[in-house]
Amino acid sequence: MDDFYRDYILDHYRNPRNFGHLEHPDVVAEDTNPLCGDRIRMELLVDANGIVADVRFFGKGCAISQASASMLTETVKGRPLADVARLTKEAVLENVGIGISPARLKCAMLGLKVLKTAAVGQLASWPDED
Amino acid sequence: MRACVADDASKLARIVDDFPILRERTVRGRRLVYLDSAATSQKPQCVIDALVTYYSTYNANIHRGVYEIAERATDAFEGARGKVARFVNANPRELVWTRNTTEAINLVAHSWGGANIKPGDVILVTQLEHHSNLVPWQELAARTGARLTYVPVDDRGLHVLDDLDDLLDGVKLVALSHVSNTLGTIAPLDIIVPRAHAAGAVVLVDGAQAAPNMPVDVKALDVDFYAFSGHKMCAPTGIGALYGKRALLEAMPPFLTGGDMIRTVTYDGATYNDLPWKFEAGTSNIAGAIGFGAAVEYLSQIGMEWVREHERSLVSYAFERLRELEPRGLVVYGPRDPDLVADVISFNYADIHPHDLASILDGEGVCIRAGHHCTMPLMEKMGWPATARASFYIYNTRQDVDALIDALGKAAAIFKIDRAGAAGALGG
Ligand SMILES: Cc1ncc(COP(=O)(O)O)c(C=O)c1O
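Residue numbers (my numbering), protein chains in the order written: chain A, 1 to 130; chain B, 1 to 428.
Simulated from the structure, these hints should not be mistaken for lab results.
Accuracy of the hints is not assured; some may be wrong.
[To be verified] Derived contacts from chain A toward chain B, CB cut-off under 8 Å, selection only:
1. Y5
2. Y8
3. L10
4. T32
5. G37
6. F58
7. K60
8. G61
9. P102
10. R104
11. L105
12. W126
[What the hints assert, rightly or not] Here are some, though not all, of the chain B residues that point toward chain A, as calculated from beta-carbon distances under 10 Å:
13. I62
14. D351
15. H353
16. P354
17. H355
18. D356
19. L357
20. S359
21. D362
22. A370
23. G371
24. H372
25. M376
26. P377
27. M379
28. A411
Predicted model only: the values in this text are computed from it and were never measured.
Backbone N, C-alpha and C define an ideal beta-carbon position, used for all residues, glycine too.
So here's chain B without its partners, still in its complex pose (with noise of 0.2 Å):
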């Protein structure tokens, strides 16, 4: 299954060759090589030609237009959201158009969290989680007065839960990532939400990582809330998604209020659409929503277990080749095991800054990331100003992870890092 067969080769090479931008972009004369998925993936000309056909053939607003090409935009946006919906196992009704995993996340801790988090509360987070899942829980808690408490991460990016009976004490809600987008680190979910739920702990769960990268059933997880970005899956930007049970989005408020989101106004006042209209005040990303659909039409066609398998495999192959280069001081972080990361590997090369690495790197045609990732806390404990990273993705080869070793190699060669005596890593 993991062995990279001739199948498996020319599978790739068709998915290469549906990204115009890595079929055409060079760099200074030199493929493309994107290793930044985890901030944003490509996308394929499918999604790019949702995207056309919807602006020059059928675009009008939808919903209340009794017209053709209304009608038409009607049912393709609400047909995304069924593809959407389908692709991790939810109702229809239960998932709510965002702009991002941010702005999903923002929904619940607004809505759901002004409803339900009083003066002493316990909200429970992890220490690994991006700002966005994080600063809506500080600035919640600092508006009712509600305490912040983490799960610890050990040194390798794994969640300690040791404790974890205890930090559930009197929890109302758990907010997590189910991938870290730091180190990779897949989140035990298994374990984590069961026992939130006995400790009648809400569980929301950042999918940002996880949803693009592996197969996910909202249901079998069995989680509250589940917040995802299509841009990081094949979509276009600006269109995300909430998933939330029925029970509880049904007794929440509405987070931004206006057109669409109502069922009647008066003069004195309004009522509210049902679900999942009743989040979504506004004319919504339509385009985008059409996009995101024709995504995960995709993701499907190739199989999310294949996807996961074809990034495990490289991210197998990554960690032996940058193993070669840890005698001149190259350090991986996390978890270091294929079967616990996910898309996203972080590390440092000797003394070398990663925004020094990252701009070498981009001479050679290779993208990566350098810096704190969003999840500055974590560097903080962790004690790294800051690290390199690279993320992989559908259409990624083990050609792509060559190149990065060759182009760190050029790195090693400008800062002469064998002469320099490899003065340690920057952290770690």
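So here's chain A without its partners, still in its complex pose (with noise of 0.2 Å):
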């Protein structure tokens, strides 16, 4: 667990990417983790071709359900909604690296359940229980 949290990690809890709000959003969602009440908000702009043109994360909570968070908006920028919707755990494993303890992987999930949730438009369930 000492080696999950690398660099890039601490630098993307303490200097998230696309943090805060969009003015006029098309879809959002929010979502909690239940187990220690983590919060995520995600906020995308989706242009006529249905691209991700803009998004903004909102949250609270420990270093790897933010920096994951804060890692998937740069996954997902410039991308095409429905590719969003199809994103699994994969995705953010390869962005936090390894080193994640089972406890803890829901932390690490919340992000990409709550985008997937607005790209489906409907609640998504967790992708690691897929």
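Join the two chains, each given in its own frame, into one complex according to the hints.
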């Protein structure tokens, strides 16, 4: 677990990318991790071609949930919304790297769950349980 | 008395030795440092043995068996009731077995509450209650049209009693915890209980965090109901107790109905059993009760005065050691006074989220809890997103506190607390 907290994770935790709110988002979703109360909100701007033109996330929580959400915003910016709906937990694991313990997997997956909820337009299941 | 004299050290070593998990278990090659006893305590060998002996030598259902092992099981079950009752200075007839504190409180909310709470009545709780001593009252209020009001707590987590008499005006029931599981605050029952009674209110005390950690005398406290859980005081999970004053219990309707709680049943109806069995429908947790009896016997041998002094001394030492980290952004919440705190210390370290802290500490073999500790309204009021919580019990040592401090040092190194400029604590 110690080697999980690499510099880039701490950097995303302390300097989250695309953090805040959009003025006129097209889709918005929000959820919490009932295990620990971490909360994440995702706001997307989708252009006429169905591309995620801009994205913001807002949240509170542990380094794992916040860094993972921050990295995801970079993953999805400029990609078709349909792709976002099809993202799997591997996308998150690729971002955050190895070493996450099973007990903390939900923390890492919260951002993706919220993003997929936004993309699909209905509550998405936990990506690690699919 | 408070000094760690040689006798205390050898007594402590003997206590640690009584707990197989602490004697034998290692985490990644390190000694297990268990600082989460407020969630559930570890179990001594004598309690484990009591369960094994019951299941392997006299397992039988209780009360109506005429054969030898059934009689023995009944004697052990009722004997355990006597031990647990004596432990809190109650009469065994006034001690009802439940699954845990939560069920004990729900029993009162449904049975006493259903019979006594009317539309417009007021139920008074405090701002630091565990969800178990809050949600049942919210539900009761919603069912009956009663109103829930709160005794405030200040920024240190101490009860604010300035307006107590106004708050108590017209109150039917006061429900409060003896010790806060989030901040360790010991409630001033000596002030609150007499004034609640003077106002005509019935008083229920949630003793989940007090009964394990200090001498409790329900008669001296003069409380009407006292709820506690075995698993936080060396007993197995799934067994708890409700003390209630006899006159109140006698007048209350049953909570759950079915076997064991009846005297006679006809096709037209039933009459109920005497106290305390009236409230014990169905086959009880027999092994659990026997284990609970063994647990309080064990605690009584150690002495609850000793337990309280031991924890006071540990908490005091932990406050001292944690203070060393304050310049680097460590914040301790709660009263921060060993005389006002039982077994629990809540804190945050710079901008490290408590879940990350708990994960890193786990890597060092140190078990702490992180989150809202089932007190979400309190966390919200205080503005803390979450806290880390270390809690202490009879088997914890100063070396455990040192291990906590060392592990916090490791977390600080991983999170580069110094270099990051200790971006301020998470809350408060
Ligand atoms: C103060 C307090 N009340 C109630 C409870 C609930 O106890 P149980 O889960 O054993 O019912 C706890 C346990 O966490 C507690 O600390």
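Quick one, is the A:W126 hint okay against chain B at 8 Å, beta carbons? Cβ of A:W126 sits 17 Å from chain B, so the hint is violated.
Hint check: is the beta carbon of B:M376 less than 10 Å from a beta carbon of chain A? Check passed: Cβ of B:M376 comes within 8 Å of chain A, closer than 10 Å.
For the hint on B:L357, just tell me whether its beta-carbon gets within less than 10 Å of chain A. 9 Å, holds
Under 10 Å is the threshold here; is the Cβ of B:H355 close enough to any Cβ of chain A for the hint to stand? 4 Å, holds
Tell me if B:P354 is really an interface residue toward chain A, meaning its C-beta lies closer than 10 Å to one of theirs. 8 Å, holds
Regarding the hint that B:G371 lies at the interface with chain A, is the smallest CB-CB distance below 10 Å? The hint holds - B:G371 has a Cβ within 10 Å of chain A, the shortest such distance being about 5 Å.
Return the status of the interface hint for B:D362: holds when the least beta-carbon distance to chain A is below 10 Å, violated otherwise. With a minimum Cβ separation of about 7 Å from chain A (threshold 10 Å), the hint on B:D362 holds.
Cut-off 8 Å, beta-carbon criterion: hint that A:Y8 touches chain B: The hint is violated - A:Y8 has no Cβ within 8 Å of chain B, the shortest such distance being about 13 Å.
Agreement of hint B:A411 with chain A interface, Cβ distance less than 10 Å: 9 Å, holds
The hint names B:S359 as touching chain A; please verify it with the least Cβ-Cβ distance against 10 Å. Since chain A brings a Cβ to about 5 Å from B:S359, closer than 10 Å, the hint holds.
Supplied contact hint for B:D351, tested at 10 Å Cβ to chain A: Check passed: Cβ of B:D351 comes within 7 Å of chain A, closer than 10 Å.
Does A:T32 meet its interface restraint, that is, does its C-beta lie within less than 8 Å of any C-beta in chain B? 11 Å, violated
Of the numbered hints listed earlier, those contradicted by the structure are 2, 4, 6, 9, 11, 12, 13, 26.
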